[in-house]
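Protein chains: 2
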Amino acid sequence: MSREKRVYLYDSTLRDGAQTQGVDFSAADKTAIARELDALGIDYVEGGWPGANDTDDTFFAHPPEFTRGQLAAFGMTRRAGRSAANDPGLQTLLSTPARVVTLVGKTWDFQCKVALGVDLDENRRMIADSIAHTAATVNEALFDAEHFFDGYKSNPEYALSCLKAALDAGARWVVLCDTNGGTLPGEVAGIVAEVTKVIPGSHLGIHCHNDTENAVANSLAAVMAGVRQVQGTLNGLGERCGNANLISIIPSLMLKLGYETGLTTHDLARLKHVSRLLDERLNRAPDRRAPYVGDSAFAHKGGLHVSAVERDPRCYEHVPPEAVGNQRQILVSNQAGRSNVLARFREIGLEVGAADERIGHLLETVKQMEAKGFAFDGAEASFELLARRELAEVPEYFRLSSFRVIDERRWNARGELITLSEATIKMEIAGERHMTVAEGNGPVNALDAALRKVLLPVYPVLGDLRLVDYKVRILTPDAATAAVTRVMIESADAKGNRWTTVGVSANVIDASFNALHDALTYRLFKSGQKAA
Amino acid sequence: MSREKRVYLYDSTLRDGAQTQGVDFSAADKTAIARELDALGIDYVEGGWPGANDTDDTFFAHPPEFTRGQLAAFGMTRRAGRSAANDPGLQTLLSTPARVVTLVGKTWDFQCKVALGVDLDENRRMIADSIAHTAATVNEALFDAEHFFDGYKSNPEYALSCLKAALDAGARWVVLCDTNGGTLPGEVAGIVAEVTKVIPGSHLGIHCHNDTENAVANSLAAVMAGVRQVQGTLNGLGERCGNANLISIIPSLMLKLGYETGLTTHDLARLKHVSRLLDERLNRAPDRRAPYVGDSAFAHKGGLHVSAVERDPRCYEHVPPEAVGNQRQILVSNQAGRSNVLARFREIGLEVGAADERIGHLLETVKQMEAKGFAFDGAEASFELLARRELAEVPEYFRLSSFRVIDERRWNARGELITLSEATIKMEIAGERHMTVAEGNGPVNALDAALRKVLLPVYPVLGDLRLVDYKVRILTPDAATAAVTRVMIESADAKGNRWTTVGVSANVIDASFNALHDALTYRLFKSGQKAA
Numbered sequence: 001m002s003r004e005k006r007v008y009l010y011d012s013t014l015r016d017g018a019q020t021q022g023v024d025f026s027a028a029d030k031t032a033i034a035r036e037l038d039a040l041g042i043d044y045v046e047g048g049w050p051g052a053n054d055t056d057d058t059f060f061a062h063p064p065e066f067t068r069g070q071l072a073a074f075g076m077t078r079r080a081g082r083s084a085a086n087d088p089g090l091q092t093l094l095s096t097p098a099r100v101v102t103l104v105g106k107t108w109d110f111q112c113k114v115a116l117g118v119d120l121d122e123n124r125r126m127i128a129d130s131i132a133h134t135a136a137t138v139n140e141a142l143f144d145a146e147h148f149f150d151g152y153k154s155n156p157e158y159a160l161s162c163l164k165a166a167l168d169a170g171a172r173w174v175v176l177c178d179t180n181g182g183t184l185p186g187e188v189a190g191i192v193a194e195v196t197k198v199i200p201g202s203h204l205g206i207h208c209h210n211d212t213e214n215a216v217a218n219s220l221a222a223v224m225a226g227v228r229q230v231q232g233t234l235n236g237l238g239e240r241c242g243n244a245n246l247i248s249i250i251p252s253l254m255l256k257l258g259y260e261t262g263l264t265t266h267d268l269a270r271l272k273h274v275s276r277l278l279d280e281r282l283n284r285a286p287d288r289r290a291p292y293v294g295d296s297a298f299a300h301k302g303g304l305h306v307s308a309v310e311r312d313p314r315c316y317e318h319v320p321p322e323a324v325g326n327q328r329q330i331l332v333s334n335q336a337g338r339s340n341v342l343a344r345f346r347e348i349g350l351e352v353g354a355a356d357e358r359i360g361h362l363l364e365t366v367k368q369m370e371a372k373g374f375a376f377d378g379a380e381a382s383f384e385l386l387a388r389r390e391l392a393e394v395p396e397y398f399r400l401s402s403f404r405v406i407d408e409r410r411w412n413a414r415g416e417l418i419t420l421s422e423a424t425i426k427m428e429i430a431g432e433r434h435m436t437v438a439e440g441n442g443p444v445n446a447l448d449a450a451l452r453k454v455l456l457p458v459y460p461v462l463g464d465l466r467l468v469d470y471k472v473r474i475l476t477p478d479a480a481t482a483a484v485t486r487v488m489i490e491s492a493d494a495k496g497n498r499w500t501t502v503g504v505s506a507n508v509i510d511a512s513f514n515a516l517h518d519a520l521t522y523r524l525f526k527s528g529q530k531a532a
Numbered sequence: 001m002s003r004e005k006r007v008y009l010y011d012s013t014l015r016d017g018a019q020t021q022g023v024d025f026s027a028a029d030k031t032a033i034a035r036e037l038d039a040l041g042i043d044y045v046e047g048g049w050p051g052a053n054d055t056d057d058t059f060f061a062h063p064p065e066f067t068r069g070q071l072a073a074f075g076m077t078r079r080a081g082r083s084a085a086n087d088p089g090l091q092t093l094l095s096t097p098a099r100v101v102t103l104v105g106k107t108w109d110f111q112c113k114v115a116l117g118v119d120l121d122e123n124r125r126m127i128a129d130s131i132a133h134t135a136a137t138v139n140e141a142l143f144d145a146e147h148f149f150d151g152y153k154s155n156p157e158y159a160l161s162c163l164k165a166a167l168d169a170g171a172r173w174v175v176l177c178d179t180n181g182g183t184l185p186g187e188v189a190g191i192v193a194e195v196t197k198v199i200p201g202s203h204l205g206i207h208c209h210n211d212t213e214n215a216v217a218n219s220l221a222a223v224m225a226g227v228r229q230v231q232g233t234l235n236g237l238g239e240r241c242g243n244a245n246l247i248s249i250i251p252s253l254m255l256k257l258g259y260e261t262g263l264t265t266h267d268l269a270r271l272k273h274v275s276r277l278l279d280e281r282l283n284r285a286p287d288r289r290a291p292y293v294g295d296s297a298f299a300h301k302g303g304l305h306v307s308a309v310e311r312d313p314r315c316y317e318h319v320p321p322e323a324v325g326n327q328r329q330i331l332v333s334n335q336a337g338r339s340n341v342l343a344r345f346r347e348i349g350l351e352v353g354a355a356d357e358r359i360g361h362l363l364e365t366v367k368q369m370e371a372k373g374f375a376f377d378g379a380e381a382s383f384e385l386l387a388r389r390e391l392a393e394v395p396e397y398f399r400l401s402s403f404r405v406i407d408e409r410r411w412n413a414r415g416e417l418i419t420l421s422e423a424t425i426k427m428e429i430a431g432e433r434h435m436t437v438a439e440g441n442g443p444v445n446a447l448d449a450a451l452r453k454v455l456l457p458v459y460p461v462l463g464d465l466r467l468v469d470y471k472v473r474i475l476t477p478d479a480a481t482a483a484v485t486r487v488m489i490e491s492a493d494a495k496g497n498r499w500t501t502v503g504v505s506a507n508v509i510d511a512s513f514n515a516l517h518d519a520l521t522y523r524l525f526k527s528g529q530k531a532a
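Residue numbers (the UniProt record's numbering), protein chains in the order written: chain H, 1 to 532; chain Y, 1 to 532.
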């Protein structure tokens, strides 16, 4: 492996990523994600900041075993006016099992003076002493140069002298951080080119934030200018607009720019899986539009495009989707032709001959339904049910006879204005009549509660089904509340599978019921359930 | 204004953005968004593809008046073996009111041969003929060179000869498209530099897709290499991973790279508003982490950062948030802006002194309501009512005592499955009790019908009120149908005034009623109606 083409990956999901608004890792989350990063082939996995909070202390007390990469701990250079050996923060940091330690320090003269009130020479000594002490204690010491690009623009000599001090003191890597995320790729390339005249690229890292939507480009620009370590996070997690997204950087480095990383091509094909795993841990909806790994990343709409893609994928796919563990998705939309429908069939594993007359019939049904306002684009589960019903594969698990939902706003006994929703349903399962009533925070929620009350004892597999999103859209806005409504429901099971169903009706409750019906049926069908 | 520093902006939200999975613009949406783009200072607003579908035909039949920019129509070069003048597609395209027409054509030899089966010379003639015919008919002809970067890499001479043919035939702009989104910034810079040797940058445009998360960087790289038109979409809408995000590109061009656009600094400060407006139209949750305009883009967590930011914002803010209409957000102590509220007051024509104590009280109320899920950004009418109620200016036109809505799905006498919604309301007007019942196509429609049945005889001015849009958003998606819901209702009167109101509640019917209540009250208040 040629040394110049090897780029080292440093993941900060568990430290900088933990700063994301709404993200709150447990120590168990950290352990699971660290294992996954190690298995993927990431060289350095930053676990957190020992001493900063209980979660990080718990994690570092018993970190997972690493088989391919190394665990890194993050902390600060020593305080002003102390020796490195007597700095309590550094002592905590160096006492964990992590044998790689990353220290952050200042290189921006303005920040030293204004934010810290520290003399420039003392700041540089803080870097040198701390790195020397760390390098003598663990396997690798890294220096994160906070605000380096701002520092370089303000006072290049001073900023470079800080990097040099770290390198001379034994830092394995000196990492250039664009802390406030404001530097553009052209500047990064220019400044890194200057830095490499003083520090060899084989000792340089880059750490970018996405405040101008250029974190990925800045990281690639730095690598092309000579840097050989890239820091980032899974799915671009991080405070404000996020850190550089390793999930986007890795395939561009490996598939397009010819660099080598710790990942094999086999590992690369697990990229989508790892991206999803993080979302599942955080209980976040995956970003459909994520480069390389999003569900829409290789989605094709419209008959013309589709036949072009099938003739030669290069026209509309910049890499083979399988290379990153993704797959081509053919959307069924009102622009759909026969080739879309056939392609979609193959995707869901349905083998139907191109000449099968049922295709023509299904196409006709799809067109009629779309004219009524159905959108199968975002509702693949409803499309699959429709197709499989055409082939008579889907049992009728339950049959609704009637429902009634009452929403009532009134003053309760304590003089509060309250609104209650209550649903009564009558349904048939295996020839037997069921009738029940349930309350909810609205008519649809009440209906959902009543349906489950009847279905769960018969079909326990529905126990882990959750509704994760509910969207209503008015299709002919000029008729407003009297218009046709389209309801999309996204559901999930305990394994992290997600599927979307659609219902359309002049009555929004009716549309919601239809989407709910498909959501439940899809779960039953996919679990191989027979009709009761 | 120096010509070399002027970059022209071309928005494709209504055409390429319409390809986004799950996005389905109505003609009314298109008109509203086109108006907003024109008001922002975008040079070219691409409205769609005349002849491609009913929505685009409806839009182009009566497009809005433009005051600053120009409307563009998109289509294809003529078919092989036809004259441009006799090509039906071109005829449709040239017959709309749009005086700028953009034609897409091939420049990739591989694609001509494989996807089209067209001879390379004939392909180049198709470009030249179509552009010449278009340039002679409308004000400006643009040539979109599909797959240009792939084409250049495959056969640079041929790709360049196609561009040259378009320019020589009278194209105002030749636009380099990275159609499958696979080109990286370094390559874009290198290839554009070569192209500018043949075509002057003042005639070159760039059109990027985000498949490697580099669409913004690619666009900036092209501008820095000489290109003077940038194509993109609001919020990066577009198929697969999206198009280049103009919302991120514009501030980097203007605030960081010193370029001029059609936007003034005053326009730039409306950027967040425009970004939000699109999300509201599409009923999408805004992306918190969006560069420049996201709620988290200038959010600061934790004491250290916050005091550093307050000592000097440059440490953690790469541009002043106000420059793009955003604001700093301190996550620990949520300090909302007094000046923001004052600015909103001025906007609705309310003169209140900065020292007025009612401002503090209103600020507190707004904060509490926003914490509950109210969003006044897209619901100015509800905000105005809230503010005017604080100043005791809004009469109580009617008071609801209670309502009950029943939705029933059952088999009717003819054996059809029908769903009926029926609302009963009790209310007080001028001390008198009213009780009525009405039917509708859903609970909200029934409620609306019952309200009007009572109100219209008392307040005839409500006769021309129409509800033009109704949107529901779930605010805590992980609780799905049991979550808090926000309802936005857009209303209009016969004069074409439109206003949006908001209601929030755990119960969707309750939220809808509150938004309806505000919609009716706003109409009464604005017409100068006294309480009955």
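Treat the hints as calculated values from the structure; they're not laboratory data.
Remember, predicted model here, so these are calculated numbers, not experimental data.
Hints should not be assumed to be uniformly reliable.
Any copy will do: because identical chains look the same in the list, a pair fits if it lies in one copy or spans two.
Claimed, not checked - Calculated pairs, DSSO-like style, for lysine-lysine (alpha carbon to alpha carbon, straight line, at most 30 Å):
1. Lys5 x Lys530
2. Lys164 x Lys367
3. Lys113 x Lys372
4. Lys197 x Lys113
5. Lys113 x Lys526
6. Lys256 x Lys113
7. Lys5 x Lys153
8. Lys113 x Lys153
9. Lys530 x Lys164
10. Lys164 x Lys113
11. Lys367 x Lys113
For this session: Hint by hint, work out which the structure violates, then give me just those numbers in ascending order.
Result: Per hint list: 1, 2, 3, 5, 9, 11 violated.
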